[in-house]
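Using the sequences plus the hints, can you model the full thing?
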Amino acid sequence: MTTVALALHILGAVVWVGGMFAIYVCLRPALAVLEQPPQRLALMRAMLQKFFPWVWMSIVLLLASGYWVLFTVQGGFAFAGVHVHIMQGVAWVMILLFGWLYWGAWADFRDAVDDANWEQAAGGLNRIRQIIAINLPLGLVVVVIGASGRWWV
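Per numbering that gives the first Met the number 0: the sequence shown = residues 0 to 152.
Wrong hints could be hidden among the right ones.
Pair ranges (Cβ atoms, derived) [as the list claims (entries may be wrong)]:
1) F20 / G88: 30 to 40 Å
2) Q35 / W151: 48 to 58 Å
3) D113 / M0: 38 to 48 Å
Derived by calculation from the structure, the hints in this document are not laboratory data.
Predicted model only: the values in this text are computed from it and were never measured.
Cβ atoms here follow ideal geometry from the backbone N, Cα and C, with glycine treated the same way.
Set out below in structure tokens:
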């Protein structure tokens, strides 16, 4: 069961952090080939609408598998290494930031695109970009901690 939990944990991290990397580093700059801002904004809306359910699923997988391993394998918080505490703390910051993105910037952006209010949509997308610009490095740090932390001294 531990192997399954760890595999699900890794998959959740890969989907969420990898998705942010693909959006921020690859897709966003590539959108410049589309000449019309409405095309770029509509494409981002469609892509984010497909991506966000995967993020929610990743969050559930990460929390369930992480806490399962913490309490059944490691014996709880008192016996966990400092890397586990750091990983958990940063993960909760990421989850809170995603919640703010989802219920704030995403809702505003989605509604603005639906209403063809391109100026407001551009502002909403910029807020999404700013939150991802914070969450992506945090996610990369958590991945490094998760992969290497047990060997810290």
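Hints, verified against the model:
no.: 1; hint: F20 / G88: 30 to 40 Å; in the structure: violated (22 Å)
no.: 2; hint: Q35 / W151: 48 to 58 Å; in the structure: holds (50 Å)
no.: 3; hint: D113 / M0: 38 to 48 Å; in the structure: holds (44 Å)
Comparing the model with each earlier hint shows a violation of hint 1 alone; every other hint is respected.
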